[in-house]
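*Asks:* With the hints as constraints, model all of the structure from the sequences given.
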Amino acid sequence: MNALPGAIPARLAEVDAAGWRATGAAVRARGGRLLSLWAADRRDLGEGHVAFAAFAGAEGLLLLRLPLANRDAPSAPDLSDLFLPAVRLQRACTDLSGVAFEVARDPRPWLRHGAWPAGVHPLRRDFVARQSFAPVPDDYPFVSVAGEGVHEIPVGPVHAGIIEPGHFRFSVLGERVLRLEERLGYKHKGIEKRFETLAAAEAHRLAGRVSGDSTVAVAWAYAMALEAAWGVQLPARALWLRALLLERERIANHLGDLGMLGNDAGLAFGLAQFGRLKECWLQDNARLWCHRYLMDAIVPGGVGVDLATEQHADLHEAVTELEAEVLELRAVYDEHAGLQDRFRGCGQLSPDLALRLGLTGIAARASGQARDLRVDFPVLPWDVLGVRACTQTGGDVAARVALRFDEIAESLRLLRAVLDDLPEGDCRVPLPAPRAGLGLGWVEGWRGEVLVALETGADCRVRRCHPHDPSWQNWPALEHAVIGNIVPDFPLINKSFNLSYAGVDL
Amino acid sequence: MYRLLRQIACTGIVTEPPPEPDEALREVRQRLTAAVLRGFRGALVIRHVDAGSCNGCELEIHAANNPVHNLEQLGIRMAASPRHADLLLVTGPVSRHMETALRRTYDAVPDPKLVVALGDCGCTGGIFGEGYASCGRVSSVIPVDVAVPGCPPTPVAILQGILTAIAAR
Ligand code: SF4
Chain Y
1 MNALPGAIPA RLAEVDAAGW RATGAAVRAR GGRLLSLWAA DRRDLGEGHV AFAAFAGAEG
61 LLLLRLPLAN RDAPSAPDLS DLFLPAVRLQ RACTDLSGVA FEVARDPRPW LRHGAWPAGV
121 HPLRRDFVAR QSFAPVPDDY PFVSVAGEGV HEIPVGPVHA GIIEPGHFRF SVLGERVLRL
181 EERLGYKHKG IEKRFETLAA AEAHRLAGRV SGDSTVAVAW AYAMALEAAW GVQLPARALW
241 LRALLLERER IANHLGDLGM LGNDAGLAFG LAQFGRLKEC WLQDNARLWC HRYLMDAIVP
301 GGVGVDLATE QHADLHEAVT ELEAEVLELR AVYDEHAGLQ DRFRGCGQLS PDLALRLGLT
361 GIAARASGQA RDLRVDFPVL PWDVLGVRAC TQTGGDVAAR VALRFDEIAE SLRLLRAVLD
421 DLPEGDCRVP LPAPRAGLGL GWVEGWRGEV LVALETGADC RVRRCHPHDP SWQNWPALEH
481 AVIGNIVPDF PLINKSFNLS YAGVDL
Chain R
1 MYRLLRQIAC TGIVTEPPPE PDEALREVRQ RLTAAVLRGF RGALVIRHVD AGSCNGCELE
61 IHAANNPVHN LEQLGIRMAA SPRHADLLLV TGPVSRHMET ALRRTYDAVP DPKLVVALGD
121 CGCTGGIFGE GYASCGRVSS VIPVDVAVPG CPPTPVAILQ GILTAIAAR
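Sequence lines, in order, name chains Y and R.
Counting along the first sequence from 1, when you hit position 447 you're at 447 in my numbering, and nothing is skipped either side.
Counting along the second sequence from 1, when you hit position 127 you're at 127 in my numbering, and nothing is skipped either side.
It is worth saying that the hints were derived from the structure and are not from the lab.
Treat the hints with care, as some may be off.
[Stated by the list, open to error] If you only want the chain Y side, here are some residues facing chain R, beta carbon under 7 Å, derived: (1) W116; (2) P117; (3) V158; (4) Y186; (5) R209; (6) A272; (7) V332.
[As the list claims (entries may be wrong)] Covered by chain R, per the in silico footprint, the following chain Y stretches (three or more residues, Cβ under 8 Å): (8) 274 to 284; (9) 290 to 301.
Positions of the beta carbon are idealized from the N, C-alpha and C atoms, including for glycine.
*Replies:* See the structure below:
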């Protein structure tokens with residue numbers, strides 16, 4: 001087992017098929033989780049295909065590398081009986097890389113709908129990115145629920161609001177949801193293939209557009225992976241400024257979602273008030289970092305824009321103002337009986353279920369899972385800042401709302417700490433000459449942990465990049481959270497998770 | 001209830017004045033008659049379709065509806081069904097998996113109708129370009145009247161794009 005370079009604790013182990021499953025079982029037995037799973041085609045290097053699995057455990061990341069013997073029809077052992085998130089990750093891997101998973105419980109395609117035929121795998125090295133195929137029929141077999149009085153409600157892919165596209169198939173009895181089946185992949189636009197056409201030093205821009213609402217988190221994870229692969233040491237100031245950007249992104253998203261959650265429960269006042277607060281926050285972003293959502297603010301080697309000392313006072317003031325406003329609005333939300341009536345007991349996920357589903361991020365913390373990368377693996381600057389983990393135990397919409405409020409307060413405290421003690425020095429260092437390497441980036445974004453696995457080629461280009469959004473873990477949990485709830489509560493429950501479609505459709 | 005009312009009273013009106021239309025955003029010559037466009041003004045219904053965005057453009061459409069930009073003050077409203085809409089607001093490069101859904105949504109909007117493509121992706125395919133899974137720009141799938149660049153376009157730019165689409169020359 002080798003330690004991988006970079007700040008985060010990560011190890012790499014090469015295994016055979018038996019070791020792949022044995023290690024998975026051992027990780028699970030020790031309470032570890034599967035983070036992501038993907039494959040790479042190395043036939044052009046005289047090797048075969050390689051499957052990768054990234055696990056999170058108490059010691060950090062464990063990356064398993066499994067060389068696959070069959071060059072034409074590679075296959076790897078199934079992990080989906082050990083880790084639920086493996087089901088969709090494996091299906092996606094089969095679609096894109098053509099790696100079959102032996103005795104996979106669900107053999108249906110996931111990311112492949114009708115845009116390319118079965119047997120064609122876009123992430124194979126010999127697949128030409130700019131080709132297109134005649135559409136193939138797309139008849140996806142949903143699981144049907146039988147029984148007297150059961151009927152289906154199909155929703156999407158185009159939804160009735162300003163939302164991303166996806167398909168939800170509800171099986172209902174009266175108003176109660178018996179089963180929800182999600183079908184995603186509508187937004188698949190070939191991001192992983194696109195990465196391979198880009199220079200590694202410039203692909204952070206694409207990483208920042210995997211899921212726009214998490215642009216800081218994914219761009220940071222990408223930069224972290226590249227810096228690990230190329231052995232770049234960042235000045236402390238760059239890391240502190242990245243932390244500042246990440247917390248600003250967390251606050252912006254929590255503000256937006258709190259407004260929408262109020263609105264979805266019938267309190268338009270919440271949408272207006274939080275919409276106003278978020279707008280002010282975004283305007284400050286635009287003024288100081290030239291972008292309302294901070295896209296491209298993080299660059300490999302540091303941050304693109306430094307923060308002038310004269311701005312500190314303004315930012316401090318904005319933090320204080322927002323803190324007071326949010327406190328006031330929290331009191332309004334807490335005191336509003338109608339709102340609490342909709343929030344409480346709605347879309348509940350027990351701590352036990354959250355653990356078994358491998359939940360991550362805010363959804364996990366609202367179901368009693370005290371898990372936060374900034375706390376569990378406090379690399380610079382989190383170690384100095386001393387992040388306090390927020391958790392709620394209710395597991396319902398009310399808990400996810402309360403957690404957002406808690407996290408805004410904690411992030412505002414962190415912003416103050418950054419402004420008070422921001423180290424002097426450079427905010428960016430030049431990158432060394434490109435070289436072939438492997439690196440991982442792991443960042444606690446506002447929604448949960450983002451992982452980027454990056455392999456650079458000797459020719460300055462990205463050889464393989466796999467960005468992993470926490471929504472992979474949490475989408476299946478949403479299917480559980482709605483069981484037994486009434487259909488009209490679905491938008492509220494869905495919003496309380498606010499998962500990314502773009503981030504998982506890739 | 002007291003806190004809520006006090007908050008409303010203390011906040012007051014925060015809406016800023018809307019931008020002027022910008023002819024530079026127009027993709028094709030005005031297709032609808034002045035009389036039709038006059039009808040749209042003050043009572044325009046929009047249906048949004050995300051055809052494959054990164055979700056950044058959606059954040060700004062939401063922001064266009066916030067109290068500061070306040071789309072509704074102009075008599076412009078977002079609808080849940082394309083059958084109620086006059087204008088389609090399309091984001092993203094069109095993923096091939098969304099191509100059919102976008103066409104169907106376009107067909108479901110009653111004539112006369114307008115299309116505004118949003119963002120660098122909607123205008124050109126943006127950073128995702130064209131490929132095995134992406135058709136690129138919106139106009140490669142449905143006719144587009146006005147295209148608004150930006151990544152994402154600001155709420156002011158979005159308002160401007162919509163106002164340009166309904167401004168008769
Ligand atoms: S234009 Fe930019 S913000 Fe909009 S979808 Fe494309 S990448 Fe995302």
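*Asks:* Flag every earlier hint the structure violates by its number, smallest first.
*Replies:* Violated hint: only 2; rest satisfied.
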